[in-house]
Structures are given as C-alpha cells and as structure tokens.
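**Student:** As a plain string of letters, each chain reads:
4 protein chains.
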Amino acid sequence: MRILVSNDDGYFAPGIAALAEALAAVGEVTVVAPERDRSGASNSLTLDRPLSLRRAANGFHFVNGTPTDCVHLAVTGMLDHLPDMVVSGVNHGANMGDDTIYSGTVAAATEGFLLGVPSIAVSLVSKAATDFSVAARVATDLAERFLRMPFRQPVLLNVNVPDRPYEELAGVRVTRLGKRHKAEPVIRGVTPRNETVYWVGAAGGAADAGEGTDFHAVANGYVSVTPLQIDLTHTGQIAAVSEWVGR
Amino acid sequence: MRILVSNDDGYFAPGIAALAEALAAVGEVTVVAPERDRSGASNSLTLDRPLSLRRAANGFHFVNGTPTDCVHLAVTGMLDHLPDMVVSGVNHGANMGDDTIYSGTVAAATEGFLLGVPSIAVSLVSKAATDFSVAARVATDLAERFLRMPFRQPVLLNVNVPDRPYEELAGVRVTRLGKRHKAEPVIRGVTPRNETVYWVGAAGGAADAGEGTDFHAVANGYVSVTPLQIDLTHTGQIAAVSEWVGR
Amino acid sequence: MRILVSNDDGYFAPGIAALAEALAAVGEVTVVAPERDRSGASNSLTLDRPLSLRRAANGFHFVNGTPTDCVHLAVTGMLDHLPDMVVSGVNHGANMGDDTIYSGTVAAATEGFLLGVPSIAVSLVSKAATDFSVAARVATDLAERFLRMPFRQPVLLNVNVPDRPYEELAGVRVTRLGKRHKAEPVIRGVTPRNETVYWVGAAGGAADAGEGTDFHAVANGYVSVTPLQIDLTHTGQIAAVSEWVGR
Amino acid sequence: MRILVSNDDGYFAPGIAALAEALAAVGEVTVVAPERDRSGASNSLTLDRPLSLRRAANGFHFVNGTPTDCVHLAVTGMLDHLPDMVVSGVNHGANMGDDTIYSGTVAAATEGFLLGVPSIAVSLVSKAATDFSVAARVATDLAERFLRMPFRQPVLLNVNVPDRPYEELAGVRVTRLGKRHKAEPVIRGVTPRNETVYWVGAAGGAADAGEGTDFHAVANGYVSVTPLQIDLTHTGQIAAVSEWVGR
Chain A
1 MRILVSNDDG
11 YFAPGIAALA
21 EALAAVGEVT
31 VVAPERDRSG
41 ASNSLTLDRP
51 LSLRRAANGF
61 HFVNGTPTDC
71 VHLAVTGMLD
81 HLPDMVVSGV
91 NHGANMGDDT
101 IYSGTVAAAT
111 EGFLLGVPSI
121 AVSLVSKAAT
131 DFSVAARVAT
141 DLAERFLRMP
151 FRQPVLLNVN
161 VPDRPYEELA
171 GVRVTRLGKR
181 HKAEPVIRGV
191 TPRNETVYWV
201 GAAGGAADAG
211 EGTDFHAVAN
221 GYVSVTPLQI
231 DLTHTGQIAA
241 VSEWVGR
Chain B
1 MRILVSNDDG
11 YFAPGIAALA
21 EALAAVGEVT
31 VVAPERDRSG
41 ASNSLTLDRP
51 LSLRRAANGF
61 HFVNGTPTDC
71 VHLAVTGMLD
81 HLPDMVVSGV
91 NHGANMGDDT
101 IYSGTVAAAT
111 EGFLLGVPSI
121 AVSLVSKAAT
131 DFSVAARVAT
141 DLAERFLRMP
151 FRQPVLLNVN
161 VPDRPYEELA
171 GVRVTRLGKR
181 HKAEPVIRGV
191 TPRNETVYWV
201 GAAGGAADAG
211 EGTDFHAVAN
221 GYVSVTPLQI
231 DLTHTGQIAA
241 VSEWVGR
Chain C
1 MRILVSNDDG
11 YFAPGIAALA
21 EALAAVGEVT
31 VVAPERDRSG
41 ASNSLTLDRP
51 LSLRRAANGF
61 HFVNGTPTDC
71 VHLAVTGMLD
81 HLPDMVVSGV
91 NHGANMGDDT
101 IYSGTVAAAT
111 EGFLLGVPSI
121 AVSLVSKAAT
131 DFSVAARVAT
141 DLAERFLRMP
151 FRQPVLLNVN
161 VPDRPYEELA
171 GVRVTRLGKR
181 HKAEPVIRGV
191 TPRNETVYWV
201 GAAGGAADAG
211 EGTDFHAVAN
221 GYVSVTPLQI
231 DLTHTGQIAA
241 VSEWVGR
Chain D
1 MRILVSNDDG
11 YFAPGIAALA
21 EALAAVGEVT
31 VVAPERDRSG
41 ASNSLTLDRP
51 LSLRRAANGF
61 HFVNGTPTDC
71 VHLAVTGMLD
81 HLPDMVVSGV
91 NHGANMGDDT
101 IYSGTVAAAT
111 EGFLLGVPSI
121 AVSLVSKAAT
131 DFSVAARVAT
141 DLAERFLRMP
151 FRQPVLLNVN
161 VPDRPYEELA
171 GVRVTRLGKR
181 HKAEPVIRGV
191 TPRNETVYWV
201 GAAGGAADAG
211 EGTDFHAVAN
221 GYVSVTPLQI
231 DLTHTGQIAA
241 VSEWVGR
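Residue numbers (UniProt numbering), protein chains in the order written: chain A, 1 to 247; chain B, 1 to 247; chain C, 1 to 247; chain D, 1 to 247.
The set of hints was computed from the structure by calculation and includes no laboratory data.
Hints may be right or wrong, so weigh each one.
[Said to hold, decoys possible] Listed next, with one range per pair, are the computed distances between beta-carbon atoms:
no., chain 1, residue 1, chain 2, residue 2, range
1, D, 184, C, 202, 32 to 42 Å
2, D, 235, C, 243, 18 to 28 Å
3, D, 131, C, 207, 39 to 49 Å
4, A, 154, D, 204, 48 to 58 Å
Yeah, the Cβ is synthetic: ideal placement off N, Cα and C, and Gly gets one too.
All chains should be built: construct the whole structure from the sequences, respecting the hints.
**Tutor:** Next comes the structure, spelled out in structure tokens:
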C-alpha cells in the first residue's frame with residue numbers, strides 16, 4: 001500500500017513524524033508537507049506563484065505552499081503512482097464541528113479525496129499535545145483496515161483522537177460534525193510602532209455537542225470518525241429559495 | 001439596510017468597485033477587503049500574526065489578510081452593528097461546481113453566514129471580465145429582495161452571472177453545484193536560477209453539468225443561485241462507515 | 001524629464017501621492033510601488049517567485065514585491081526609456097543614521113542608482129505624519145535643480161525633511177549619516193493561542209548626532225541631504241586584516 | 001567561545017549544517033536561522049508582525065523571519081549572553097561585488113556587527129554546490145584565529161571560498177568588493193492562468209574584477225576576505241553636493 005502523508009503544521013512537526021513512523025508498518029510512506037506552519041489554511045490553493053519541492057535530511061519533502069498545494073503537487077506532479085491513501089496529520093489540536101472548514105489538516109485529506117484517493121485526516125484533541133503516538137496508532141489501525149477490507153465508496157474521514165493512552169480509549173464512534181457557537185471577537189493589540197492590530201480570536205465553544213456528534217464522542221473518550229462529503233449544496237433549501245426568487 | 005462588502009481579488013479590483021457602487025442604492029455600504037489578490041484562499045484564517053486595517057482614499061478598508069479574515073474582523077471588531085447582509089464579489093471568474101471549496105469569494109460570504117448574517121457570493125462567469133455592472137446589478141436585485149421580503153432561514157447564496165447584457169439574461173435558476181473532472185496536473189517550469197518549480201494547473205472541466213446544476217444554468221444564459229450549507233458531514237455514509245469500522 | 005517614483009509604504013500611501021503630484025510639475029511621472037507596506041524591506045529582491053504588475057484606478061502601478069523589485073522591474077522590463085531620475089518616498093518617518101540600511105525607501109533609490117539613474121530617497125521626519133506636501137516640494141526642488149544643472153557624477157541622495165511648513169525650513173545641509181545606539185531588545189508577547197512571539201523593537205537613539213550629521217541637521221530645522229555610495233568595503237581595514245590573517 | 005550561526009538559505013540547508021558541525025570544534029554553537037529560504041533578503045527586518053521561534057529535532061532554532069530578524073531576535077531576546085561571534089552561511093553561491101547589498105547571508109553577519117559582535121559571512125562560490133565542508137573549515141580557521149588573537153576593532157568579514165578541495169586552495173587574500181555590470185533584465189513569463197509575470201534576472205557579470213577584488217582572488221583560487229563597513233555616506237561627494245545644492 002502506498003500512503004501519501006501530509007499535514008498543516010509543517011513538515012518538521014512532531015505529529016507528522018509520529019504518523020509517518022507508525023504508517024511505515026503498513027505501507028510505503030511518502031511525506032509531502034508545508035515548509036512552514038499553515039494552520040488555518042483551509043483548502044487554499046496557491047495560484048499566483050509556482051511551488052518548489054525540496055527534500056529534508058530525513059527524507060520528508062516540503063513545499064512552499066499550503067496543505068492542499070502539497071497533496072495536489074504530490075499526486076499530479078511528483079508521485080509515479082496514484083497513492084492508495086492520503087493520511088493528513090497528526091494535527092496538534094482538534095478539528096471538530098463547523099470549525100472543520102478552516103482546517104488545513106482536513107483540507108489536505110480533502111484534496112486527496114477530490115483527486116480520487118481514500119483519505120483520512122487525524123487530529124489529537126489536546127492543547128498541550130506532546131505524545132502523538134496514540135493518534136498515529138489509531139490512524140494506522142484505520143489504514144490497515146482499508147488494506148484488509150477496502151471501502152466500496154470514495155471515502156474522506158475526519159478522525160479526532162482523545163489525548164489519553166491507547167488502552168484507555170473507549171472505542172470508536174462514527175459521528176456527525178457538531179456545531180460551535182460563534183467565534184470569539186478579534187483581540188485588539190498595539191505594536192511597538194504604535195499601530196493597532198487585531199488577532200483572530202478563539203473558536204466558539206460547542207453549541208451542538210449532543211449524542212452523535214464528534215464533540216460528544218471525544219468528550220466520552222471515544223475516537224470520533226466523521227465521514228465527510230464536499231458538496232456544499234443546501235439541497236433542503238432549493239425549493240424555498242426557488243419560491244423566494246420567483247416571487 | 002447595512003451591507004458589508006468583501007471579495008478575494010483585493011480591494012482595488014474593478015469587481016468590488018462596481019458592486020459597492022450598485023449596492024449603495026439599496027443600503028449603507030462598508031467595504032472591507034484583502035489588500036492584495038487572494039484568489040484561491042478558501043476559508044483560510046490568519047492565526048500566526050495579527051491583522052491591520054487601513055482605509056484607502058476612496059473610503060474602502062483593506063486588511064493584510066484573507067477574505068475570511070476581512071469579514072471576521074469587520075463583524076467582530078470594527079463595525080458597531082451586525083450588518084444585515086454580507087455580499088462578496090464581484091469575482092473575476094466563475095465559482096461553480098466542487099471548485100467552490102477553493103473560492104475566497106464564497107469563503108467571505110461563508111464567514112458572514114457563520115457569524116449569523118445572510119450572505120451572498122457573486123461571480124462573473126468570464127475569463128476576460130471587463131464589465132462587472134451586470135453582475136453587480138443582479139446582486140443588488142437580490143439584496144433588495146432581501147430587504148422587501150426577508151428569508152426566514154439563515155441563508156448563504158452562491159450566485160454566478162453569465163457575461164452578457166442585463167437584458168439578455170435568460171432569468172434566474174436555483175441550482176445545485178455541479179461536479180468537475182479532476183484538476184489538470186501541475187505544470188513544471190524552470191526559474192532563471194535553474195530551479196524546478198510547479199504551477200497549479202487549471203480546474204477540471206465540468207463532469208456533472210446536467211439539468212439542475214450551476215454549470216447548466218449559466219451555459220443556458222441564466223443567473224445561477226445555489227443555496228449553500230456548511231455541514232460537511234456525509235450523513236448518507238454514517239451507517240456504512242459504522243458497519244465498516246465495527247467489523 | 002522622465003521620473004520614476006516608488007516607495008516602501010505601498011502605492012496607496014499618502015506620501016507617494018503627494019510626491020507624484022508635486023513632481024508632475026517638473027516631469028513625466030510614472031509610479032511603480034509595492035502593493036503592500038514593505039517598510040523595513042531593505043534591498044531585498046524577490047528571487048523565488050515571479051512578480052506581477054498591476055495598474056490602479058489612479059494610474060499608479062503596483063507590484064507584489066519589494067521596493068527594489070519595483071524599480072528593477074520598471075527599469076528593466078516595463079519602461080520604454082531609462083528614466084532620468086528615480087525618486088522614492090515620501091516615507092512616513094525618518095531614514096537617518098546607520099538605520100538607513102534597513103530602509104526600503106532608500107533601497108528603491110539605490111536600485112535606481114545601481115541601474116545608472118540619478119536617484120533620491122525622501123523621508124518625512126515625523127511619527128504622526130499627516131502632511132507630505134512640504135517634503136514633496138523639497139524633492140521637487142531637487143529634481144528641478146537636476147534638470148537645470150545635471151550633476152556630473154552618478155548620484156544617490158538620501159533626503160530627510162523636518163515636519164514643519166516650507167517657509168519655516170532653515171535651509172539645506174549636506175550631511176553624513178549619524179550613528180545610532182544599539183536597537184532596543186525584541187518585545188515579548190503572547191498570542192491568543194498562547195504562543196510566545198517577539199516583536200522587533202524600536203531603533204536605538206542617536207549616538208553620533210554631532211555637527212555634520214543628518215540627525216543634527218534635522219534637529220536644527222534643516223533639510224538633510226546625504227550623498228550615499230554602495231561600496232561596503234572597509235578600505236581602512238584592509239591592511240590590518242591582511243596583517244591579522246597573515247599572522 | 002560562544003558562536004551564533006545563521007544563514008539565508010534556511011535552517012534545513014546543508015550549508016548551515018556543515019558550518020555548525022565544523023564550528024562545534026572551536027566553540028559552543030547556537031543555530032538560529034530562517035524557517036524558509038530567504039535568499040535575496042538583504043537587511044530586511046520584519047516590522048508588521050511578530051516573530052516565532054521554534055526548535056527543530058536536531059536542536060537548530062528557526063524563525064519565521066529574515067536572516068536579520070534571526071540574529072536580532074537571538075541576540076536581543078533569546079541568548080543569555082552576547083555571543084563572541086556571529087557566523088553566517090555557508091551560503092550556496094557567491095556573495096561578491098556590489099551584489100553583496102542584496103545578500104541575506106551578509107545581512108545576518110551585518111546585524112551581528114551592528115549589535116557589537118565580530119561577525120563573518122561565508123559563501124561557497126559554486127552554482128552546483130554539494131560539498132560545504134571546505135568553506136565550513138575555512139570559517140572555522142577564521143573563528144579559531146579570532147579566539148587566539150582577537151582583532152582590536154569591531155570587524156565584519158565577507159568571505160568567499162572557491163569550490164575546490166581544502167588542499168588546493170591557493171591561500172587567503174584580503175580584498176575589496178569588485179563591481180558588476182548592470183543586472184540582466186527581468187524575464188517575462190506567462191502563468192497557466194494566462195497572466196504576465198516577471199522573474200528577476202541574473203546578476204550582471206563582473207565589471208571590475210581586477211587585482212585586489214574579491215572576484216580576482218576567487219578566480220585565482222584564493223579565499224577572499226573582504227572587511228566591510230556599514231556607513232553608506234559618500235564622503236568624497238559631500239563637498240561637490242554641497243556646492244551643487246548651494247548654487
């Protein structure tokens with residue numbers, strides 16, 4: 001099995017090292033990741049300049065672009081074969097709820113999925129993440145399962161792993177994305193040159209964290225696995241909007 | 001009606017000037033847009049540095065960040081009142097099909113929607129766009145309609161306008177997003193310093209452009225209006241993935 | 001006389017608008033400036049990506065690059081004729097003493113000089129600069145003087161103008177660059193995501209601000225004009241270093 | 001001896017690894033370098049956002065800023081003691097002649113010098129540089145010499161090393177900077193999205209490469225050592241400009 005690994009924290013991040021190491025047990029791993037931290041990059045693509053591809057001392061490749069750029073470049077311009085799977089992460093911090101649309105970790109997997117490859121995004125739910133090996137092992141379990149029993153449909157999985165020893169995980173729950181409250185307001189600051197600046201604030205707290213959501217699963221010690229799709233059409237609103245537009 | 005206007009082509013783009021001018025007929029317009037071209041920015045948020053807000057000679061505000069940053073900063077840190085509507089565009093070029101997830105134009109409207117504001121993204125389907133006034137007028141029609149008969153649910157509309165005179169538009173069609181074929185591969189190049197670089201290639205052609213899609217509507221001269229939602233959960237796959245994970 | 005105008009504060013800055021307007025009285029002005037604030041850019045050149053050139057509504061051109069890139073691109077790729085002069089500014093804030101090496105304003109003029117064009121950098125010595133017309137007029141006086149009596153050697157002038165009415169300027173002094181004390185230390189901060197960051201601190205105070213320096217001239221109400229050269233060789237140390245290396 | 005090491009090619013570059021390894025034989029080495037390739041950065045300082053400092057697996061530190069930022073942050077905010085020396089490099093490619101003002105490698109050393117630390121910039125004169133160990137050894141020879149016989153004046157040395165085995169170096173020459181012809185024009189290109197772009201062209205060929213210059217020394221197989229100063233005042237022109245201004 002050929003596995004393409006990427007992330008949004010940068011090729012030097014401990015989370016991707018743990019992931020690549022764990023996945024090497026089940027497949028041939030190629031790492032292509034951003035040269036710098038691109039957290040919050042979402043699905044952004046670099047269109048106004050070309051990308052460079054370099055190789056680090058440890059064999060990882062890095063690109064002066066976004067997570068989406070990395071997977072796009074690897075699959076359409078660098079690898080000889082389409083990979084059998086794209087795995088993105090292990091992200092430092094959760095990617096749950098509607099916040100998922102900002103995630104570069106999920107975006108790297110989404111790009112794999114758009115290019116026809118089954119893809120998984122893996123995040124460690126922890127602010128002070130230090131040990132990524134448990135989440136890497138969870139990702140490897142899933143990859144191995146793919147190898148043994150391929151899923152018949154194209155699949156894009158968003159996986160969030162609680163920060164606890166592997167033995168203490170309560171199991172796996174397949175979930176829907178929860179909802180968050182609105183984000184916190186921007187935080188005003190002043191630079192040493194006396195200019196006003198604004199930091200983007202924290203994500204909102206969980207608003208829908210009920211049974212069945214990713215928030216709920218993780219809060220109860222389960223690995224959350226959410227199947228994602230990328231069609232943003234609000235099918236349920238088509239009739240009402242048609243009626244409204246026609247009036 | 002208070003209208004917040006943004007885009008992804010930058011505050012200096014002719015498309016946003018046309019939009020702001022047209023919308024001024026139906027509401028009080030504030031423009032907050034990126035200081036430079038951020039096409040392809042998707043929903044990326046700037047987390048590793050603070051943002052600056054400046055005011056151009058024509059009264060437009062600009063931010064050293066992404067389209068999402070602009071709306072986020074305007075709504076949570078700059079405007080005294082929540083706007084009644086966010087309108088993003090007029091984008092130079094279509095935002096249709098699954099490509100929509102890369103769009104910064106759509107992302108600006110998405111951020112408005114996430115912050116509780118009815119939002120519209122407007123794009124002109126043209127490679128050599130020169131006249132944005134028709135698309136701006138279409139956006140203004142929709143805004144005025146909101147004013148007269150507010151939609152009862154939160155709404156996020158993705159609007160694509162054919163490049164023809166207003167009188168020659170065939171009407172409005174409410175659509176679903178079509179699908180594209182896979183993107184073209186990256187394009188290899190060599191710099192004057194003899195380094196290999198890669199340009200992201202063109203989007204794929206339309207794969208599902210059948211009746212009911214945005215592609216189909218625009219190809220037939222209609223304005224396409226697609227209601228969007230932002231829940232990426234693939235609800236239809238939850239059972240199958242649960243079964244697969246449990247095996 | 002053909003005059004190329006650039007700066008480092010960005011093409012939208014009031015200082016460059018004042019300068020272009022004033023210089024239009026003595027020559028044909030073309031503005032090519034950075035698309036965003038590049039203060040502190042020094043002589044940096046963009047080598048890892050290509051540059052784009054755009055035209056704003058007011059006729060100014062802007063480039064997604066540094067001040068040096070702007071002048072380089074204008075002179076070697078855009079203008080039909082070598083300009084007769086490059087004028088950079090009016091910068092918001094002084095460019096005096098050894099700090100001059102960090103200045104993008106001075107760098108734009110330096111690039112003109114390196115390409116064989118007499119060049120002037122103009123800065124307004126003011127933290128809360130609001131009126132750039134006096135400094136623009138001083139620059140225009142110098143340009144006009146060039147026109148009437150060309151200087152026989154290649155020349156690169158660094159001009160700093162006190163922030164006071166034109167009539168209250170004490171005159172012009174030709175000066176040497178003063179020296180500053182070491183810069184202030186970086187200033188530690190914490191982001192909303194709890195990461196430690198460091199802002200570059202303020203420039204040091206004047207250390208050599210004696211008679212004959214730019215600091216001294218400006219402090220006494222004079223326009224300071226410092227002729228610059230770009231040979232960094234420490235000729236006076238060649239013998240001592242030779243002796244040291246040979247031991 | 002405490003040695004601060006930086007560069008402009010990025011902390012992952014083979015040139016800095018070779019340099020840090022060689023210098024470890026004569027002192028306690030700390031590496032603080034840019035997180036990505038910043039060739040051409042000159043003395044640019046980052047003023048509009050704060051800097052982050054991270055630590056790579058091999059112990060090197062990296063900063064999301066310029067070479068100047070790295071040395072500035074290390075000396076004024078990170079290190080407990082002022083280093084005894086700053087060594088920058090080994091750069092991939094020459095830094096000779098008037099091109100030196102664009103160099104980020106030289107800029108890192110310049111920032112050390114401005115902060116009161118004897119500093120050396122080291123470059124390998126080679127387009128296809130693969131072995132940086134000879135240049136690293138030359139830098140180490142100089143550092144050791146400093147340790148044994150400190151230079152009595154503040155010193156900033158620009159060192160260029162021919163690409164040949166250590167035993168085949170002809171010796172060391174203390175030189176002045178040569179002069180180059182004007183740079184090549186920008187090179188026009190077209191993006192896949194059909195936009196015109198411009199690459200900065202190559203540096204000009206040597207114009208003054210006579211006896212005594214860095215070009216001449218290196219061409220004859222010598223290590224070139226040029227003492228630099230940072231006062232840009234054109235002292236020799238002060239009288240003529242004064243006369244001209246006064247007319």
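**Student:** So, for every hint listed, does it hold in this structure?
**Tutor:** Do the hints match the structure? See the list:
no.	hint	in the structure
1	184/D - 202/C: 32 to 42 Å	holds, 39 Å
2	235/D - 243/C: 18 to 28 Å	holds, 24 Å
3	131/D - 207/C: 39 to 49 Å	holds, 43 Å
4	154/A - 204/D: 48 to 58 Å	holds, 54 Å
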